[in-house]
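Participant: Given next are the chains, with one letter for each unit.
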Amino acid sequence: MRELLIILFTMVLTENYVLVQFLGICPFLGVSKNLSSAMGMSAAVVFVMTIASAVTWPVYHLILDPLGLGYLNTIAFILIIAALVQLVEIALKKYLHPLYKALGIYLPLITTNCAVLAVTLLNIQEDYSLLESVVDGLGAGLGFMLAMVLFSGVRRTLQRAKPPKCFEGLPITLVAASLTSLSFMGFSGLVENLFN
Amino acid sequence: MLNKLRIIGNGLVNENPVLRLVLGTCPTLAISVTVSGAVGMGLAATFVLICSGMVISSLRNVIPDKVRIPCFITVIAGFVTVVMMVVEAFLPALYDSLGIYLPLIVVNCIILGRAEMFASKNPVLDSALDGLGMGLGFTAVLFLMASFREIVGAGTWFGIRLIPEGYQIGIMTMTPGGFFTFGMAMAALTAVMARRGRKLRLQAECGSCGGCAGCPGCGGAEDKEEEK
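Line by line, the protein sequences are chains U and S.
Quick note on numbering: the first sequence equals residues 1 to 196 in our numbering.
Quick note on numbering: the second sequence equals residues 1001 to 1228 in our numbering.
Just chain S, same shape as in the assembly (with noise of 0.2 Å):
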């Protein structure tokens, strides 16, 4: 039992996916902006996360080495269309919020990622949990980062207005004030680590996400150089 919920721990802080493996920059920057379409977009991504993951993980012994990555990207993308499809009829104010970052999610690299490093390996039920885990991280990032933006840039959170009219720094809202949080909260969170002692290894060198075997610089490019 522990063990279980360790995996689900270890996607909102150890290896949490945004800030620790840097995966998924665009909506993550993107979608900040509001704190309802940060909820949205996480938890989209955290349904996808889930199915895809527990689907991958049993097919893990069905589908051939060589062509994993076709077959891991096309199991994700039918789950984005039954997402997308779902937001559209039930959620459509959502849906218009995230418009294109929602078909989006099939080319996230936390998806692909993940079941490149998890769930090809493990079995279903621990798979799921790594991808709620994943899942949870990733909205937790999303919803702190929107807070922000959204309380500094237009003086609302949830659109509760906190902030009297004409007293908003707009730019945050923008896109320079999301480079701009995604670079502070990452400083913070080195900040706080060394604090307490701990080396935080940002996966960036490489291609600024950890390991996915189609981004550039990582796997993909390695696999390159070897075939060479």
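Only chain U is shown next, with the shape it has when bound in the complex (with noise of 0.2 Å):
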């Protein structure tokens, strides 16, 4: 449970992947124009990242790996990722209709960022159990969505700031993100103080 714990504070906080680890950027600069926007893709992420965990540990434990061919994982991964956010748009247009209508736009989109790529493919470096793993995804996916709504709130306030000419739009957006990704040096050996 204390590993548990360590892996999911670690992913939210310390590594965060947006903010610390530069995964997902293209989202994080495109979608985070407005607070609604900002939840509906993260949560899609939360959502994809914790499924995509969950399926590509088997595949690689027990096909990909017995067979020695773990080289592949790249190319699998990005299939599975392909496919399962396509089986789950299917499912939830069918069964969840109401999550689907907050979700439906985002979830294609989620197919190349590389966030859940990165996700993927560190559990399998990391050696990750599957449970481990579902922890780090859903870690992952939280850190994103809180990096994405603190974002959104810093990106409401510059519209209103007057930068010089050539900072508007995308030069002062990555001001602004370096001074939030700033922020979050400040959460650096808080995990590890926290659970020793």
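Since the hints were derived computationally from the structure, they do not count as laboratory data.
Just so you have them, the derived chain S footprint on chain U, three or more residues with Cβ under 8 Å:
#1 9-21
#2 25-36
#3 74-80
#4 109-117
#5 121-132
#6 175-181
Glycine included, every Cβ here is placed at the ideal spot set by N, Cα and C.
Grab the two chains, each in its own frame, and use the hints to assemble them into the complex.
Facilitator: Dropping the structure here:
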């Protein structure tokens, strides 16, 4: 239990995918303009990351690794994620329509979100067990959500700011992201001290 | 001949994938810590761009339109695996420094974006040249950003010490420094272009990646809206 909590908190705070590890920057910059789309996108990411972690683990450990095909994991995982996203979309559409309405447009965009592929590959690299992988995926997703929600607030304030002409648009957003990620550096060492 | 050169130059300047099309932000930010890593990453991506561009362009009449994105991704993932194995075997130090970002070339928007925008519509040779131009443009920006970050942040360049120990701004090698450098580079380019009387049109309005169909905001989202 303690290990799982450590993984969860590490992924959300100290090893935050977006603000510390530079993964999933495209959606972070693209979909963080307002709170509702930021929430929708990150909820879809949490969902897909958790399921993808749970599915890729058995595929690697029960199929690819015993057959000596471990080097195919990149190809296999990206196809699994693409197929999974489609499946989740169909399933949600049929059985959980309200949820589909909320997440629908964001789901197909997730396939090329590098954070999802990264979490599945890192699970294998770190040699996590199935349960640890799922918690890792969940934590990575929640960390993504935290970053998105925080940053959508920052961007709302940014819209009222008047930066120099050449900074308008993306450059000033990147500088703001820099300051946001600076604040996340304050979390370093927190998890170790919390659980030891 | 001039025409072919123009395709290469296009990727280097006019449609620079990183600063103009705002594609492939994740590796740009993460890998531009050391110059050697940046060059390695740039060349790996260039190789994948050229090869996948050629294969996709030669298959452009065979691949059905509806499943083109999965087909592109599979081709790209194949070449990325090749690169990974070669780098792991011959350049283990580079393999370690690139880490997770090497397999993540698969989902690099530059490659899928060029497959979608260029290779799927143009002949093989042009696609290879486009891949070369885009790859060199990507490498050049990575090289410049990494030079700045490594010199200021670590006081070294390609591992050669330029600034004595104790006078570095360590934060530049960390995450905030990456965002900051990227923002500054983009602002500088905008300022230069404005002075030369050209208006810089960042295609980031939609979703910070110019039209790669799978990416947030742009192609993917629009397709989805239409379906509704």
